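Residue numbers (UniProt numbering), protein chains in the order written: chain A, 1 to 287; chain B, 1 to 235.
Derived by calculation from the structure, the hints in this document are not laboratory data. The structure presented is a predicted model; accordingly, all values stated were derived computationally and were not measured. Glycine is no exception: its CB is placed at the ideal position from the N, C-alpha and C atoms. Hints may contain errors.
[To be verified] Stretch by stretch, here's where chain A covers chain B in the computed footprint (C-beta under 8 Å, at least three residues): (1) 8-16; (2) 27-36; (3) 69-80; (4) 116-129.
[Said to hold, decoys possible] Here are the computed lysine to any residue pairs in the SDA-like style, where the Cα-Cα straight-line distance is at most 20 Å: (5) Lys-139/A - Ala-18/B; (6) Lys-62/A - Tyr-41/A; (7) Lys-139/A - Glu-28/B.
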Amino acid sequence: MATLYKLAKAQKDEDSDDHEEKKVSKNRQRVLALSSRGVNYRQRHLLNDLRALLPHFKKDSKLDQKCKLGIINELAELNNCNNCIFFEVRKRQDLYMWTSKTPNGPSIKFHVLNIHTMDELKMTGNCLKGSRPILSFDKTFDSEPHWALIKEVFIHIFGVPKSARRIKPFIDHVISFTIADNRIWFRNFQIIEKDPMEPNKKPDDKDLSLVEIGPRFVLNVIRIFEGSFCGATIYANPEFVSPNQVRRNFRMAKVARHQARTMAKEENRRKIADIELSDDFSSDSSD
Amino acid sequence: MIEAPWIETQVITSSEPASIKDINNDIERELAFYKQALEGAIEGRKNVITSGVPFSRPDDYFAEMIKSDVHMTRIRQKLVNEEQSIKASEEARRLRELKKFGKKVQVEKIQERQKKKKEDLEKIKVMKKKRKGIEDTALDDDFEIALEQAAADDRSRKRQNTGKNGKRVSKDTRYGFGGKKRHAKSNTADSSGDLSQFDSTNGKSGWKASMANKKRKFTKKRPGKAKRKSARNKK
Chain A
1 MATLYKLAKA QKDEDSDDHE EKKVSKNRQR VLALSSRGVN YRQRHLLNDL
51 RALLPHFKKD SKLDQKCKLG IINELAELNN CNNCIFFEVR KRQDLYMWTS
101 KTPNGPSIKF HVLNIHTMDE LKMTGNCLKG SRPILSFDKT FDSEPHWALI
151 KEVFIHIFGV PKSARRIKPF IDHVISFTIA DNRIWFRNFQ IIEKDPMEPN
201 KKPDDKDLSL VEIGPRFVLN VIRIFEGSFC GATIYANPEF VSPNQVRRNF
251 RMAKVARHQA RTMAKEENRR KIADIELSDD FSSDSSD
Chain B
1 MIEAPWIETQ VITSSEPASI KDINNDIERE LAFYKQALEG AIEGRKNVIT
51 SGVPFSRPDD YFAEMIKSDV HMTRIRQKLV NEEQSIKASE EARRLRELKK
101 FGKKVQVEKI QERQKKKKED LEKIKVMKKK RKGIEDTALD DDFEIALEQA
151 AADDRSRKRQ NTGKNGKRVS KDTRYGFGGK KRHAKSNTAD SSGDLSQFDS
201 TNGKSGWKAS MANKKRKFTK KRPGKAKRKS ARNKK
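Take these sequences, add in the hints, and give me the full structure.
What follows is the structure, encoded as C-alpha cells:
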C-alpha cells in the first residue's frame, strides 16, 4: 500500500514539475569538444582543462580531416550536442579555435595565443570539479554587434546549464572574458569568500577575493560565418595578420639585415684591396 | 538569446569597459581582469543568494576538485620554496653587511693603536730633544727616569704592575718559561717552509756559484740612465 502511495505521489510531483518547466525556458546546452590531429601537448592540455572545468563538454576523438569541417556537424548530432568547440592545429604550432552552434550556425573562428594551462604551478587556485561558473563579461561586448554575437555564443558554450550531469551544487569560480587590444582574454578565478584573518566570521561581499585557477589564453577573432563551419562571412577582422605572415615578415627582416651586413663586408674588403694596390703602386714608383 | 532566469546562465556584464593603457604592462592588465572578475563575483553572489541557490560550500562537503591533491601539494611546495629562498638571500645579505661593518671596526681599532704608538714615540723624541740642549753625562740617569715617567702617564698602572722583575722577564723570553716542552724542536710547517738560511748558490761551486752571486749583485738596483743623469744634473 505504502509503495503504491509513494508511486502516486512521485507521479504527482513529476506532473507539477512539468507544469513549471513549461513556464520557464531552460538553458540546455551540450558542447562537443574535439581537436584535429597534430596538436601539441600544451594545446591538448588546454582542451583537457576546459573539459575538466565544464561538465557539459563532451569529448570526441581527434578529427583526421582538415578541409571538410562540415563533418563535425554530423558528429555533434551523433553526440546530441548543439554546440561545438574545435581546435584546429596548423603546422603543429598555430592553434585556431572554432566555436560553433551546430547545426545551423553561426560559427566563429579564433586564433588562440598565449596559452597557459592549469598544470602550471603559478596558478594557485582550486575549485570543485564541475561546479557552475559565474561568467563575467566586459562591457565592451555590448558595444558592437560582432562582440555581442560572440558573447551570446560564449554564454551557450561556457555557461554550464543547471541541468547538466556531474555538476556540483555550489559556486566557487568565475570565468572572465575581457576585451583588450581587440582580443578576448580568458581568465578563470577561484572565489574565496572567507577572510583568512577571521575564518569564523560570516562571509560578506567585501571579504570576497579571487585566486587564479587557470587556464588562460587569448583569442583573436578571425572570421564569423553564418553557418556552422560553412556559409557566408558575417564579419572578418581587418586587423588580423596570419601567423604565417608574421613569421614571414620576421624572416624577411632577418634576411634584409643579413644582406646589408654582407654588402658592407664586401664593400669594406674592396676598399682595403684598393688601398693596398695604390700603396704598392706608389712604392714601386719611388724606387 | 536565452530568455531564462538569471540562474540558468549566471552571466554578469561589467559596469565599466576595461581600460588598459599599455597592454604589455602585465600588472595593469591582470589587475583590470581581476577587477572585472571580482565585480562579477560580487554581483553573482548576490544574485545566486537571492534566487535561493546555495553559494558557498560547507566545510564538511568534500568532493573531487579540479586540481588533484598531488598537484596542490606541488603548488604549496613551490610557494614554500620561494619564500625560503627569499629569506635565505636576505639573511646572506645581512651577514655580508655585518661582515663588512665588522672589518671596518677592526681596521679602525688597529689604526687607533698605531696612532697611539706614534704619539708615544713622538713624546719620547721631544723629550730627548729637550734634553739635548742641556746635555750632561751626570744627568743621564735622571733623563731615563723622566722618560719613564712620561711614558707612564699614558699607560695604566695595571700593565706596569706585572709582578716580575726585569731580569726574570728577559731570562724567560730567552730560555722560555712554562708552556709545552714536547715537540719544541721538531719541524713545523712554518719551519720547513723557511728557506732563509739556505745559500743562494744552491750548492753550486766555482764559476756557476760566482755567476749566481753576480746575478744577485746585479739585481741590486742600479737606477736607470735617465735617473742617473738627472741626479748628476742636480749636483
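A quick look at each hint next to the structure:
1. With 9 residues having a beta carbon nearer than 8 Å to a beta carbon of chain A, the region 8-16 of chain B meets the requirement of three or more and the stated coverage holds.
2. Only residues whose C-beta sits within less than 8 Å of a C-beta in chain A count toward coverage, and the region 27-36 of chain B has 5 of them, enough to reach three; the restraint holds.
3. As drawn, the region 69-80 of chain B meets chain A at 6 residues by the rule of a beta-carbon pair under 8 Å; at three or more, the given contact holds.
4. With 0 residues having a beta carbon nearer than 8 Å to a beta carbon of chain A, the region 116-129 of chain B misses the requirement of three or more and the stated coverage is violated.
5. For the suggested pair Lys-139/A and Ala-18/B, the alpha carbons sit about 7 Å apart, so the restraint of at most 20 Å is met.
6. For the suggested pair Lys-62/A and Tyr-41/A, the alpha carbons sit about 13 Å apart, so the restraint of at most 20 Å is met.
7. This hinted pair checks out: Lys-139/A and Glu-28/B have alpha carbons roughly 18 Å apart, not beyond 20 Å.
The structure fails to meet hint 4 from the earlier list, while all remaining hints are met.
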